[in-house]
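Top to bottom, those sequences are chains G and U. Numbered according to UniProt numbering, the first sequence spans residues 1 to 414. Numbered according to UniProt numbering, the second sequence spans residues 1 to 414.
Keep in mind that the hints were calculated from the coordinates and are not lab data. Any given hint could be a false lead.
Because identical chains share one entry, a pair is satisfied inside a single copy or across any pair of copies.
Once the Cα atoms are required to be at most 30 Å apart in a straight line, the calculated BS3-like pairs of lysine-lysine come out as [to be verified]:
(1) K276 - K78
(2) K157 - K400
(3) K400 - K285
(4) K400 - K78
(5) K314 - K353
(6) K390 - K140
(7) K249 - K353
(8) K390 - K78
(9) K390 - K268
(10) K314 - K235
(11) K269 - K157
(12) K276 - K235
(13) K400 - K268
(14) K78 - K140
(15) K235 - K187
(16) K157 - K353
(17) K235 - K78
(18) K235 - K353
(19) K249 - K400
(20) K400 - K269
In this text the structure is predicted, and so the values were computed from the model without any measurement.
There are 2 protein chains.
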Amino acid sequence: VINAGKSQHNEDQACCEVVFVERRPSPRGQLPSREGVGELDGVRAGVCVQVGTKGFYFHYWALFDGHAGSGAAVLSSKRLHLHICDQLRDLVDILQDPSPPPICLPHDARASTVEPSQVPLAEDDGEVPNDAVPRFHLEKVVSHESLVIGAIENAFKHMDDQIEQERASQHLSGGCCALAAVYLMGKFYVANAGDSRAIIIRNGEIIPMSREFTPETERQRLQFLAFLRPELLGKEFTHLEFPRRIHPKELGKKMLYRDQSMSGWAYKKIEEDDLKFPLIYGEGKKARVMATIGVTRGLGDHDLRVFSSNIRIKPFLSCFPEVRVYDLTQYEHCPDDVLVLGTDGLWDVTNDKEVADVVMEVLTSYEPNDPCRYTMVAQELVMRSRGVLKERGWRLPNDKLGSGDDISVFVVPL
Amino acid sequence: VINAGKSQHNEDQACCEVVFVERRPSPRGQLPSREGVGELDGVRAGVCVQVGTKGFYFHYWALFDGHAGSGAAVLSSKRLHLHICDQLRDLVDILQDPSPPPICLPHDARASTVEPSQVPLAEDDGEVPNDAVPRFHLEKVVSHESLVIGAIENAFKHMDDQIEQERASQHLSGGCCALAAVYLMGKFYVANAGDSRAIIIRNGEIIPMSREFTPETERQRLQFLAFLRPELLGKEFTHLEFPRRIHPKELGKKMLYRDQSMSGWAYKKIEEDDLKFPLIYGEGKKARVMATIGVTRGLGDHDLRVFSSNIRIKPFLSCFPEVRVYDLTQYEHCPDDVLVLGTDGLWDVTNDKEVADVVMEVLTSYEPNDPCRYTMVAQELVMRSRGVLKERGWRLPNDKLGSGDDISVFVVPL
Chain G
1 VINAGKSQHN EDQACCEVVF VERRPSPRGQ LPSREGVGEL DGVRAGVCVQ VGTKGFYFHY
61 WALFDGHAGS GAAVLSSKRL HLHICDQLRD LVDILQDPSP PPICLPHDAR ASTVEPSQVP
121 LAEDDGEVPN DAVPRFHLEK VVSHESLVIG AIENAFKHMD DQIEQERASQ HLSGGCCALA
181 AVYLMGKFYV ANAGDSRAII IRNGEIIPMS REFTPETERQ RLQFLAFLRP ELLGKEFTHL
241 EFPRRIHPKE LGKKMLYRDQ SMSGWAYKKI EEDDLKFPLI YGEGKKARVM ATIGVTRGLG
301 DHDLRVFSSN IRIKPFLSCF PEVRVYDLTQ YEHCPDDVLV LGTDGLWDVT NDKEVADVVM
361 EVLTSYEPND PCRYTMVAQE LVMRSRGVLK ERGWRLPNDK LGSGDDISVF VVPL
Chain U
1 VINAGKSQHN EDQACCEVVF VERRPSPRGQ LPSREGVGEL DGVRAGVCVQ VGTKGFYFHY
61 WALFDGHAGS GAAVLSSKRL HLHICDQLRD LVDILQDPSP PPICLPHDAR ASTVEPSQVP
121 LAEDDGEVPN DAVPRFHLEK VVSHESLVIG AIENAFKHMD DQIEQERASQ HLSGGCCALA
181 AVYLMGKFYV ANAGDSRAII IRNGEIIPMS REFTPETERQ RLQFLAFLRP ELLGKEFTHL
241 EFPRRIHPKE LGKKMLYRDQ SMSGWAYKKI EEDDLKFPLI YGEGKKARVM ATIGVTRGLG
301 DHDLRVFSSN IRIKPFLSCF PEVRVYDLTQ YEHCPDDVLV LGTDGLWDVT NDKEVADVVM
361 EVLTSYEPND PCRYTMVAQE LVMRSRGVLK ERGWRLPNDK LGSGDDISVF VVPL
C-alpha cells in the first residue's frame with residue numbers, strides 16, 4: 001500500500017520472476033560480445049528455452065524501497081534480476097558440475113586488452129586445462145555457494161553502476177534499499193542492502209534472513225572511512241560520535257564520545273573540532289549520516305548531497321548486499337513454513353513475533369492446498385501495518401499510529 | 001605449560017588480581033597531576049584502602065600470548081590491569097550513582113590548554129552543574145555498562161602506547177594477544193584482542209564470550225584499509241584475495257578473487273597487479289597478513305616488518321578488544337558453572353565440547369566446596385592439550401599430536 005497521507009506515488013517497487021540463465025555462448029570463432037552496463041543480451045526473464053540450450057532457472061523475489069523519488073527503485077525492479085542472470089551466465093557449467101569450481105579458467109578469447117609483454121609464454125597458449133597449471137602448496141577450496149553469493153554481490157554493483165550511467169538521460173532521482181531472494185538449486189540466497197528485512201518462519205520458529213544496514217549498525221565502518229579520508233567530511237563534520245550536539249560554550253568540558261574503534265563510551269575534553277556536526281547522529285529511525293540519510297546501503301543516490309552544501313553522501317553508502325543462505329534440502333517443510341520479505345513500512349509497526357502470529361492465524365483459516373492463502377497473509381500483514389483511517393489518522397488495532405510509510409510484503413511458501 | 005620442543009621461555013603470560021579503583025582526587029586546589037603513559041600514580045593493585053577513601057574493587061584475570069619474544073606479554077601482564085584501573089578512576093562516582101551517566105562533565109581544572117578564544121563565556125564558568133547546560137532535542141542515553149566497556153577499550157590503547165614508548169629502553173620485542181576478564185559490580189566484562197578464547201559453561205551449556213581476530217575473520221577490515229591506503233602495501237602486495245598464488249604465465253586468464261566488499265567469490269581477468277602477493281593469504285592457522293603474522297589484534301608489534309622489507313605490519317593490527325558482557329545477576333549459578341579463558345595452545349587441540357566435558361568430569365570428582373577443584377580442572381585441561389611424550393612426540397589420548405604451543409588456562413567459578 002501507498003500511505004495516502006504521504007505521497008501520490010509508491011516509492012516501494014517489487015519484482016517476482018522466474019529467470020532462465022542461458023550459458024553464455026563460447027566466444028571462440030565468434031565476434032567479441034558487446035560488453036557494458038545496460039546491454040544484457042541473452043538475458044531474458046521467463047522466456048521459452050531453445051531445445052538443447054544449456055542453462056538453469058532461478059526464482060526471484062525482490063523489494064525496492066525508494067527514497068527521494070521512485071526512479072532508482074523502478075529501474076532496479078526492472079533490471080536487478082537481469083544483472084544477477086548476467087553474472088550467473090559464466091557459471092552455468094561450473095554450478096552444474098558437482099566437483100569443486102576451478103580456481104583458474106582458461107584464457108578468455110574476448111579479452112583483447114592483454115599487452116604484448118603480458119602474453120603468456122608459448123607453451124601456455126590458453127588451451128591448457130586448469131589441472132595442468134602448476135599447483136602451489138596452498139589452494140583454497142571455494143564452494144559453489146560462494147560463487148552464487150559473489151555473483152549476486154557483483155550484480156548489485158552493476159545495477160548501481162547502471163543507475164549512475166542512466167540517471168541523467170532517464171531523469172532518475174533518488175536511491176532505494178534492495179532486498180532480493182534468489183532460489184537456485186535447492187537454496188535460498190537472501191541479499192539485503194538497506195533496512196528492509198526478511199525472516200523465515202518454520203514450524204513457528206523465527207529465523208532472521210537479513211540484518212539492517214543503518215547509520216547505527218554501520219557506525220564503525222563509516223567512522224573508519226571518515227577517519228582515513230577526512231576530506232570526505234568537507235570540514236563541516238567530525239568522525240567522532242557524541243550523544244548530543246555540543247554547544248560552543250562547552251569547550252574545555254568533558255563529554256562522552258565514541259570513535260571508529262570503540263563500542264563503549266568514554267569522556268574526552270571538548271576541542272574546537274568537536275563542535276562540528278557528527279558524521280553519525282540521532283537514534284533509531286532518526287539516525288542519519290551527515291544529517292541526511294537513514295540507510296547506509298542501497299542502490300542509487302549518486303547525486304545525494306548534504307543540504308545546501310557540496311558534500312557528497314555516496315562515498316559512505318555501500319551498494320553491496322549481505323547475502324544469507326538457507327538450504328531448503330536440510331529441513332523438512334510443511335505448507336505453513338514461509339519466507340517473509342518486507343520493507344520497513346511493515347517492520348516499523350509489526351515485529352517478528354506479530355508477523356509470525358498473523359502467518360499462523362491466516363494460514364490456518366485456509367485449506368493447505370489453497371494457493372490464495374499466502375497472498376491473503378501478505379494482504380493481512382500490509383493492512384494491519386497500515387491500520388484503519390479514523391478521525392485521528394491511521395490507527396493500528398492497539399490504537400497506535402499505523403506505518404507512515406509505503407508497505408510491501410512478499411510471503412513465499414517454502 | 002611451555003611446549004618443551006619449541007622454546008626455553010614461556011611466551012604465554014598471565015595475571016590475576018583484585019584491584020582497588022580509588023577515586024581520582026579532585027584537582028581543585030591541587031597541583032596538576034602528572035599525566036603520561038607509565039605514570040599511574042594512585043593506581044595500586046590489592047593495596048589496603050585509606051579509611052574514607054571512595055572507590056570500588058574489580059577482579060581481574062588475563063592471558064597474554066606473546067609472539068616474537070615475550071617482552072610485550074610480560075609488560076602487559078604487569079600493567080594492563082593498572083591501565084584499566086586508571087581509566088575507571090574518573091568513573092568512580094558515576095558508576096556508583098544509579099542515575100544515567102552525565103553526557104557532559106564540568107570543566108576539568110587540570111585542563112590548562114584551552115586557548116583564550118575558547119574560554120567559555122562569563123555566565124558559564126565551569127561550575128554550572130550538568131543539568132543547567134541547555135538541552136538539545138536529541139540526547140542519547142549512555143549506560144554504565146558502556147562506560148566500563150569504553151574504559152577497557154581505552155586501557156588496551158594506553159597499554160599499547162606504553163609498549164611503544166618503552167620498547168627501546170626496556171628492550172621489549174614482539175607483541176601479544178590479550179584476553180582479559182574484569183568482574184565489576186555484578187558483571188563480567190570479557191575483552192579479547194587476538195586468538196585466545198573465553199567460554200562460559202553454565203549448566204552444561206556453552207556460551208562463547210569472545211571471538212577470534214585473525215586474517216580470516218578480519219579480512220574485509222584489512223582489505224578496506226589497504227584499498228583506501230594502498231601505500232601501506234609498499235607495491236609488493238595486492239589488497240585482493242586469491243585462492244592461491246598466481247603464476248606470471250596465467251596473465252589474462254580468469255581467476256577467483258574477493259575484494260573488501262565481497263564475502264562470495266567471482267572470476268576476474270588476471271592483470272599485472274594481481275601477480276603481487278595477496279595481503280591476506282593462507283587458510284586457518286596458516287592464514288597470514290602480508291605473509292607475516294597470523295593474528296590481527298593485540299598489543300605491541302610496533303617494529304614488525306615484512307621479511308627483508310621495510311613494510312610495516314602495525315597499521316593493519318588493532319589494539320582494540322571486543323568486549324562482551326555477561327550479567328551474573330541475570331542467572332542462577334551452581335558450583336559447576338565456570339568461565340574458562342585459554343590461549344590458542346588450548347583451543348587448537350581441545351574444542352569447546354571437550355573442554356566442557358573435562359570441566360564436568362573433574363568437578364564431579366571433587367566436593368563442591370573444595371577450593372582446589374577449579375585449579376584441578378585448569379591443570380587437567382593444560383595436560384590433556386599438551387599430551388604425553390612418546391617416541392613420536394607429544395601425543396593426545398587419541399594419538400594425535402598435542403599442542404605445539406604454550407598453553408595457559410584460567411578456570412573461574414561463577
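Requested in this report: Please name the hints from earlier in the document that this structure breaks, with their numbers sorted from lowest to highest.
Outcome: 1, 2, 4, 5, 6, 7, 8, 9, 13, 14, 15, 16, 17, 18, 19, 20
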